[in-house]
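Order-wise, the sequence lines are chains R and G.
Residues in the first sequence are numbered from 1 upward in steps of one, following our numbering.
Residues in the second sequence are numbered from 1 upward in steps of one, following our numbering.
Any given hint could turn out to be false.
[Said to hold, decoys possible] List time: in silico DSS-like cross-link candidates among lysine-lysine, alpha-carbon distance up to 25 Å:
| hint | chain 1 | residue 1 | chain 2 | residue 2 |
| --- | --- | --- | --- | --- |
| 1 | G | Lys35 | G | Lys198 |
| 2 | G | Lys120 | R | Lys175 |
| 3 | R | Lys275 | G | Lys107 |
| 4 | G | Lys114 | R | Lys175 |
| 5 | G | Lys65 | G | Lys120 |
| 6 | G | Lys65 | G | Lys140 |
| 7 | R | Lys175 | G | Lys140 |
| 8 | G | Lys107 | G | Lys123 |
| 9 | G | Lys65 | R | Lys94 |
[To be verified] Over the 12 Å line for every Cβ pair with chain R, so calculated as not near, a few chain G residues:
| hint | residue |
| --- | --- |
| 10 | Ala23 |
| 11 | Asp59 |
| 12 | Pro113 |
Hints are computed from structural coordinates only; laboratory data are not their basis.
Where a beta carbon is used, it is the ideal one built from N, C-alpha and C, also for glycine.
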Amino acid sequence: MQVRMVTNSIFKGFCFLSTFTAVAILVMLLYHLFLKGTSHLDLDFLNSFSSRRPGRAGIKAALWGTLWLIGLTSLFALPLGVATAVYLEEYAEKSRLTRLLEINIANLAGVPSIIYGLLGLAIFVRFLGFDRSLWSGSLTLSLLILPVIIVASQGAIRSVPLSIREASFALGAQKWQVVLFVVLPAALPGILTGAILSLSRAIGETAPLIIVGAVGYMRFIPQTPNDDFTALPLQIYDWASRPQSGFHDIAASGILVLLAILLLFNLNAVIIRQKLQRYPS
Amino acid sequence: MRLSYSYALEAKALSVFYGDNKAVDEVSYGFKRNKVTAIIGPSGCVKSTLMRAMNRMHDFVPEVKIEGSLWYESEDIYDQRANPVLVRKKIGMVFQKPNPFPKSIAKNIVWGPKINRMSKNYKELIESSLKRAALWDEVKHRLEESALSLSGGQQQRLCIARSIAMDPDIILMDEPCSALDPKSTASIEELILTLREKYTILIVTHNMQQARRISDEVLFMYEGRLVESGDTEQMFENPRIGQTHDYIRGKFG
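Chain R with its partners taken away, still in its complex shape:
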């Protein structure tokens, strides 16, 4: 009996320690960032371009580049991902081929992002000739998050109760009407949560953007998707890899902005889930 009690508390202690370590590291990281980054964090920082002098450098180009990327990526990836999920869940025959397809999509979600970068380089930059434009960047990021959006949307569609599908069929609805007007609205919270979480992953990506040729130093805001671009993680990477410590400090400021955007995104996901969740079961 005594031994079991001891084992119990050892296990509990171990789990607590693991949790504590994770949180402690996060707190230390944030503390470090705030210490270094807050002094530069003002409107000027958001509203100036990068510069050779760290004191005058800002993230204007990177911030706008990131916003462009978010917009274009969701424009490509959302409709494509949701439509794919609808096809797989609602129309595709439940054959071995479909099953194989689904397993592959789920596996694609785990492929390292740099591989997508190489794919984007081959297809969008070279083959389609988009060069190092926002098109290439956002299409590459779309490929990257597409599997996650598909899998999340499939789950959301699957959890729409059969009973309300039947109700709509019994009212003389066609299949497309049931899908468009009943299933998708009911699945929307799940779809949006998945989409937002995957988009926030895309925002933080650096590697694939470097491969498709995003630039580290830019002194203008992209006006059309044909323009060159930079993004927050790239700007941070660029500054962090310079020798002067002044750049390291503004890199920390950049990270804080990036974190704020990510936090805003995730908060949105939580709010949407809370607000729209209409089927508790």
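Got chain R sorted already, so can you dock chain G onto it with the hints?
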């Protein structure tokens, strides 16, 4: 056309298969207009299976196969040329568990007519449908509230109002009271009796007393076959077949 055909719906040797398993075995019956016909029998999915065959709700289950014919307005609804969507517009269905859409009360009513581009005057349609389903007085001040805020019995009456809004000829009810408390059940039963004036009603129930209270005719199903059918009073007072007698007296089931 309508009057030339004597039944609202007539099954001729209608069988339903789940894979190789024959769930409903050659049921033939003419359902009379403006009557409440109850389908009774011991548990098992056969009664619901038969009812779902009446408006082609099995179309969505690939392993279900139907044989025989089902005549509505001098047309076999299982004919290859028949349009299942048109069939379901005219043959409405109320399910075991109330299943309103997660939308407002008003939107629930107009959903069917809207997607079918039927009515123009939705305000009037909402009022008349809810009135016919005896729900108007309870909800007239909260039409924009979510249908899910209603009680179970109210939700089920909303589902009835929703199918009424489609102006059907026939309303199929698949154990509409099985998820409800006695009070809500009583209100639904009362409603069914008034709906009979305008619609033909088929109701599946496992509750024999309910069948006796609300139906004009009864079908007794056992192991997929139609054992006996007829006038409700006669069926309950002196059934011709021993099996029916035993079931009605509660000897099995």
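Results for each hint:
no.: 1; hint: G:Lys35 <-> G:Lys198; verdict: holds, 9 Å
no.: 2; hint: G:Lys120 <-> R:Lys175; verdict: holds, 23 Å
no.: 3; hint: R:Lys275 <-> G:Lys107; verdict: holds, 19 Å
no.: 4; hint: G:Lys114 <-> R:Lys175; verdict: holds, 15 Å
no.: 5; hint: G:Lys65 <-> G:Lys120; verdict: violated, 38 Å
no.: 6; hint: G:Lys65 <-> G:Lys140; verdict: violated, 44 Å
no.: 7; hint: R:Lys175 <-> G:Lys140; verdict: violated, 32 Å
no.: 8; hint: G:Lys107 <-> G:Lys123; verdict: holds, 11 Å
no.: 9; hint: G:Lys65 <-> R:Lys94; verdict: holds, 18 Å
no.: 10; hint: Ala23; verdict: holds, 18 Å
no.: 11; hint: Asp59; verdict: violated, 8 Å
no.: 12; hint: Pro113; verdict: violated, 9 Å
The structure fails to meet hints 5, 6, 7, 11 and 12 from the earlier list, while all remaining hints are met.
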